[in-house]
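*Asks:* Protein chains in written order, with our numbering: chain A, 1 to 289; chain F, 1001 to 1044.
Think of the hints as simulated: they come from the structure by calculation, not from any bench. Note that beta-carbon positions come from the ideal geometry of N, C-alpha and C, so glycine has one too. Take the hints with a grain of salt, since some may be wrong.
[Unchecked claim] So these bits of chain A aren't anywhere near chain F, every CB distance computed over 12 Å: (1) Arg4; (2) Leu14; (3) Lys103; (4) Val124; (5) Leu187; (6) Leu254.
[What the hints assert, rightly or not] Per the computed footprint, the stretches of chain F lying under chain A, defined by three or more beta-carbons under 8 Å from a beta-carbon of chain A, are: (7) 1006-1016; (8) 1019-1029; (9) 1033-1043.
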Amino acid sequence: MHQRLRRIVQTIALLATNSYFAAIPAGSFYQGAAKGVCVPVLNCYACPLAWGSCPIGALQHFVIVRQFPFYVLGILGAIGVVLGRYPCGWFCPFGWFQEFVHKLPLPKFSAPNWLRHAKFVVLVVLVIAVAWWTFEPYFCKICPAGTLEGGLPWLIWKARGSEYSEGMEFATRVFGLKVVVLAGLVLLMGMMRRPFCRFVCPLGALFGLTNKVSMHRLTVDPDLCTNCGACAKNCPMDLEPQNDVGSVDCIRCLACTWCPAIRAGFIFSRGSRSRERAPARGAGVEGAT
Amino acid sequence: MRKIIATVLLIGFVAFVVYGVTAYQFDETFVNGAMICLSCIGVG
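Chain A extracted, bound-state conformation:
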């Protein structure tokens, strides 16, 4: 039920962020006032159909112009404090794309858990430090979402003779690198679940920090949990919800909430007596689900 609803919400979010269809016949892109609004998902503002701005692109811009990003961090923080990493699981078009590609019939495997920390390195080093030192948005230069949503559409716009693409030269090392990064990642998406969200996404890293304090949270009822591990098998982030239900990597997709032991809700809602700590391993009834 949750997952069918999530697919619908993801589709609506995709259209809500990228539906400036007037750009298609005109070979143009949206330049109106909504571009001042940072969307809470990784959505390239170079996409001709995009209404809003990418928060990571805007964050790098404020680093480059030497302003503390009150506006960007305020939007992301306010949404994160209410919803945690919920936007990653329900609204992000690039997350939806990864889940779509993962359905391809390719060999499936997982990756070591310590690689999850890499997204924090990407956030601190590539998004903040490198932008500060070089005055260039280097994350954007390799961002696969930018290639998919911005680079490739603009290649098509240029082929169609768009006046806005005059002077764009696509036979560059940067564009070649972007295409290689996207192609490699698409291959990985087919073989493992949400690799970009798990190991790379700096926006996911920011939202993940709010998971521990967010008003929306998941709880495990230790009286009902049998530690059967079925929730872990369902988790698109390869987490073990029964052991770390408030993980910074949890995208709040609610796939684990089919189990009656795991509940989703807001901290202000009544009747929530479940605890966030996990029950001890083996504490439940063996074999029960």
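Position chain F relative to chain A; hints supplied.
*Replies:* Chain F alone, transformed into the frame defined by chain A:
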């Protein structure tokens, strides 16, 4: 306790947004976003 922390953080972040808007950061984001991001496309 979590309710208090979350509420204080929410108020703080909303204050960030308000201050950012008064400091013309909405306009800065708009101008930046309304240009073609050549880095995003891979041609700049």
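*Asks:* What hints, given by number in increasing order, does this structure fail?
*Replies:* none
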